[in-house]
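So the sequences go chain by chain: A and B. So the first sequence is numbered by this note's numbering: it starts at 6 and just counts up by one. So the second sequence is numbered by this note's numbering: it starts at 1028 and just counts up by one.
Hints listed in this document are in silico derivations from the structure and should not be mistaken for laboratory results. One should not assume that every hint holds.
Take a look, some chain B residues computed to stay more than 12 Å from chain A by CB distance [claimed, not checked]: (1) Met1031; (2) Phe1074; (3) Thr1083; (4) Ala1086; (5) Trp1108.
20 Å max Cα-Cα, derived EDC-like pairs, lysine to aspartate or glutamate [claimed, not checked]: (6) B/Lys1035 - B/Glu1103; (7) A/Lys9 - B/Asp1047; (8) A/Lys9 - B/Glu1132; (9) A/Lys9 - B/Glu1055.
Even for Gly, the Cβ is constructed at its ideal location relative to N, Cα and C.
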Amino acid sequence: MEIKVIQNVLNANNTMAEQNRKIFAEKKVFVINIMSSPGSGKTTILEKTAPYLIPEIKSAVIVGDVCTSNDANRLVNAGIHAVQINTDKFGGGCHLAAHVIRKAIENIDLDSIDLLIVENVGNLVCPAEFDIGEDARTVVLSVTEGEDKPVKYPLMFRVCDTALLNKIDLLPYIDYDKTETIKNILQIHPGIPVFEISAKTENGFGPWIEWLKKNVGQKTSSAPSVRT
Amino acid sequence: MHEMVIAKQIIEIATSSIPDSMKNRSVERVNLKVGKLSSVVPDSLIFCFEILSIDTRLAGAELNIEVVPVLARCRECETEWTINEPIFTCKKCKSGLIEIISGRELNITSIELEDSKQF
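Build out the structure end to end from the sequences listed, making use of the hints.
Dropping the structure here:
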């Protein structure tokens, strides 16, 4: 005999993510989930972004990696409060799930910050599937990766609200068709803002920082809003 | 990559869906809908399910996966079509304002139990 169930397998995660979202709305903290493949420059971008935010915007970072606290150490040195999560303890090495974020925020004073950055585990597949209660999702792609990454990993580029194209300082030295990459990103997600940056030289940081500050400002000054 | 975590969730949900009065019946099949846009590989999920279910009520049960196509609707001209390649602009009017109607599913739809034993 057949018993109807009809339940989303990720229900437990989605419920926890909604609870996180409520907490962040109450505390008026803007939460951004930054995702990319390994080595695209997430940590360097955050190290270089920090000085543009301090002291105006108080921030904390949750960093996900399978092993080591190298990234958290780098961010602490850049002046940001950072909490390292090593996912091997949570039985799933490939992404940060909502319950992991809940655990991590126990170590962060949400009343004293405006911006919480989640640097997800380097991976273009699984993190796209797991809602953590964030307000915005940003995907980082670097010019040393293939132009066709967006079409290979469409879900990631669909679920993100912004894209950062990093390492543009390398463009004169490599055969890379930037126009093709941007075309591919927009084909998957028409209208998504794409910021071309170099975390090394900080070239192009203006529009990215402006976007970030605008969104933090909207969250901290407005009535609690909840993303659906 | 995360199929192990998902297989674990499937086992938890399916196990808790068995009514108390039928706890002695074995589970023959778990029916699942997986959207083509969800980042789940059906073969890997079945492999993980088979391994994780060994010492559970679901041991030996089949994980039956129905793959759901990615269906989109244009918000401008209301055209509906199936997306078969990674292009998310309207087939007819080229607008980027589209909504995904299906293709992100990851739902258990039902479980099938063996019929009551005849003695």
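Hints violated by the structure (listed by number, smallest first) | 1, 6
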